[in-house]
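K.L.:
As a plain string of letters, each chain reads:
There are 2 protein chains.
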Amino acid sequence: MSRCPSLRARLLLCLATAATSAGVHAQPAQAPADTATTAMPATDLPYSGFASDAAKAKFAELLAEVRAGKAPNPTDIADQRQFYQRYNDARLQEVQRRYPAKVSELTLAGVSVHSVEPAGGIAAAQRQRVLINLHGGAFMWGAGSGALVEAIPIATVAGMRVVTVDYRLAPEHTYPAAVDDVEAVYRELLKHYRAENIGIYGCSAGGVLTAQATARLLQRKLPAPGAIGMFCGTGLLFRGDSGTLGQLAVGQAPMGSDGGASLPYLSTAKADDVVAYPMQSPELLARFPPSLLLAGGRDFALSALTTAQRRLLAAGVDARLIVFDGLWHAFFVFPDLPESQEAYARIGEFFDQQLGRAQR
Amino acid sequence: MSRCPSLRARLLLCLATAATSAGVHAQPAQAPADTATTAMPATDLPYSGFASDAAKAKFAELLAEVRAGKAPNPTDIADQRQFYQRYNDARLQEVQRRYPAKVSELTLAGVSVHSVEPAGGIAAAQRQRVLINLHGGAFMWGAGSGALVEAIPIATVAGMRVVTVDYRLAPEHTYPAAVDDVEAVYRELLKHYRAENIGIYGCSAGGVLTAQATARLLQRKLPAPGAIGMFCGTGLLFRGDSGTLGQLAVGQAPMGSDGGASLPYLSTAKADDVVAYPMQSPELLARFPPSLLLAGGRDFALSALTTAQRRLLAAGVDARLIVFDGLWHAFFVFPDLPESQEAYARIGEFFDQQLGRAQR
Chain V
1 MSRCPSLRAR
11 LLLCLATAAT
21 SAGVHAQPAQ
31 APADTATTAM
41 PATDLPYSGF
51 ASDAAKAKFA
61 ELLAEVRAGK
71 APNPTDIADQ
81 RQFYQRYNDA
91 RLQEVQRRYP
101 AKVSELTLAG
111 VSVHSVEPAG
121 GIAAAQRQRV
131 LINLHGGAFM
141 WGAGSGALVE
151 AIPIATVAGM
161 RVVTVDYRLA
171 PEHTYPAAVD
181 DVEAVYRELL
191 KHYRAENIGI
201 YGCSAGGVLT
211 AQATARLLQR
221 KLPAPGAIGM
231 FCGTGLLFRG
241 DSGTLGQLAV
251 GQAPMGSDGG
261 ASLPYLSTAK
271 ADDVVAYPMQ
281 SPELLARFPP
291 SLLLAGGRDF
301 ALSALTTAQR
311 RLLAAGVDAR
321 LIVFDGLWHA
331 FFVFPDLPES
341 QEAYARIGEF
351 FDQQLGRAQR
Chain G
1 MSRCPSLRAR
11 LLLCLATAAT
21 SAGVHAQPAQ
31 APADTATTAM
41 PATDLPYSGF
51 ASDAAKAKFA
61 ELLAEVRAGK
71 APNPTDIADQ
81 RQFYQRYNDA
91 RLQEVQRRYP
101 AKVSELTLAG
111 VSVHSVEPAG
121 GIAAAQRQRV
131 LINLHGGAFM
141 WGAGSGALVE
151 AIPIATVAGM
161 RVVTVDYRLA
171 PEHTYPAAVD
181 DVEAVYRELL
191 KHYRAENIGI
201 YGCSAGGVLT
211 AQATARLLQR
221 KLPAPGAIGM
231 FCGTGLLFRG
241 DSGTLGQLAV
251 GQAPMGSDGG
261 ASLPYLSTAK
271 ADDVVAYPMQ
281 SPELLARFPP
291 SLLLAGGRDF
301 ALSALTTAQR
311 RLLAAGVDAR
321 LIVFDGLWHA
331 FFVFPDLPES
341 QEAYARIGEF
351 FDQQLGRAQR
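Residue numbers (this note's numbering), protein chains in the order written: chain V, 1 to 360; chain G, 1 to 360.
Honestly, I wouldn't trust all of these hints.
No more than 30 Å apart at the CA atoms, straight line, and that leaves these computed lysine-lysine pairs for DSSO-like [claimed, not checked]: (1) K221(G) - K270(G); (2) K191(V) - K221(V); (3) K191(V) - K102(V); (4) K56(G) - K270(V); (5) K102(G) - K56(V); (6) K102(G) - K221(G).
If you're looking for bench data, these hints aren't it; they were derived computationally from the structure.
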């Protein structure tokens, strides 16, 4: 986080620092001091032959933007917010062209939310179910259009109501403010839906918050949601190989070793807090509901996700992992990619299979 | 395959060629001609912080062996066979220290097999079930001790009988000889076990063969096995990002673009043969049994496995993926690593949950 806003919701980032960052050399390295460190030579990475032509074209476009330095000032939050607002607004137009939906704004337990339904309405079989979406954006932006980009395709493909939560953002509000807001909305929804008929999912920061909120609900002895989806983020810091390999693969500098711990939102979270970092508690994980973890193969979050899934499996949880080779962090904000549509289908199927069906 | 025996069963490979291989530069690259190709600078990759200390120590050891050029002559099959025989014999000693088992040799339908049981015998609840193990080794070696290294931990942890098949090897015998041998053994086992109580699994070349054999059984309209495990190999060529990223991460040269198609075994396999390359046929995949796919995060096979799982999911198959961050191709031949023991546990659970329980 020191160099780049690594927990950012989107690909476009500070390429300018890549060539001079720690761990990156102009020459092939000598054998490194740590005998388990691999000295990788400079290499051209061709785009994955397993990804679609559309993904390849979009990747080339994004890579060109990164090369051109099209990114907000990483030390200016107002500039970042403005940049990602424009970015998310553009994505939302693409989403709305493909997935017609009805969107309404309301307040639940004092928290602003959007309620999203398929334009044709909700099928009778899905009326007793609801999904809570927690948007990405480094806990600092992503409300509004960013949230709708994540909610509309899922509402439409799954045929379910999705409630997006405009949780309080950092740096003005830090952990556990966002968790408090999700808990408040969940308690309100419990008045209308059975817990096992409620799903929670989120992307990037929203994936982290999904893990945290689930831990909080369990800690408070509330009935657990029926299933959760942690996409491109989970209850672990962004450590492991993908912080280096995934970043290099998208033309960026390796992530710092803090793995996101220095994000403003987490400044008030202690390392041993099992709500802030739930993947460290096997006892808590054993009570997690069925979980879907999903990421791109070039996502800096990949190692956190694969590790979180292993810990959930070890705790006896039905945890599913899907990895899209060649795709990048939060790729499914681009609704026209076949891989995005595949992700929406898998997410919709997962919640349809895992959530309860009983009427309240 | 032109440069390195990429479908090899083990890590130790031709480092010597790494620095001069196509796609690897002594200097950071100019923007590559293909606008979707990423020019990655030389980089020190620290070992994954998500992996165990034991895995880190073993990786450092293997990296040192790679640096020292401890690898067989890639153009001399006799040398490779001798090298891997010694290698597998050493692994087998480690396996036998930790997992006591009874091993017997027999012939089924004219094919040599080993039958492996836990030393304490098979629990009553597992007597109606059997697993078929198809060993790795580039389709050119790995019988005997190599097969037992893969079979003994699973037999012991799952408490099931495992039959390892000494299928005919290349280059003396090519596709579909190995598939024929697996089919013959399967038909013989069908006389004693219900199809849904039989599992098939394999690592590396054995993972490829598991996919091929399953496709063959379905094509011949035999009853499908109850579940299969494709580890570090599957019914897809080794293309995608991991052919570059995974190889670089273990100190080796990027895999050639043929992704294994030039292996001697596959010299008689046509690209459109759905038994040789089953992942290209959605209709065939739809009939696949529940599948477990498992790989290390630094495995050159990772992209093939993640892509195969997506194709199986898209075909409606219950396909599970597990990825071990920082671990390498076929890491679980080292039985003392916590990650290996975790893999054995997940494999055992998977077959226990998926295979049928009815008596014949």
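K.L.:
Look at each hint and say if it fits the structure.
P.N.:
For each hint, the structure was consulted:
For the suggested pair K221(G) and K270(G), the alpha carbons sit about 22 Å apart, so the restraint of at most 30 Å is met. Using a Cα cut-off of 30 Å, the hinted pair K191(V) and K221(V) holds, with the two alpha carbons roughly 16 Å apart. For the suggested pair K191(V) and K102(V), the alpha carbons sit about 23 Å apart, so the restraint of at most 30 Å is met. Taking the CA atoms of K56(G) and K270(V), the gap is near 27 Å; set against the 30 Å cutoff, the hint holds.
Pair hint K102(G) plus K56(V) does not hold up; C-alpha atoms about 52 Å apart against a cutoff of 30 Å. Distance restraint check for K102(G) and K221(G): the Cα-Cα separation of roughly 34 Å exceeds the 30 Å cut-off, and the hinted pair is therefore not satisfied.
In this structure, the earlier hints numbered 5 and 6 are contradicted, and the remaining ones agree with it.
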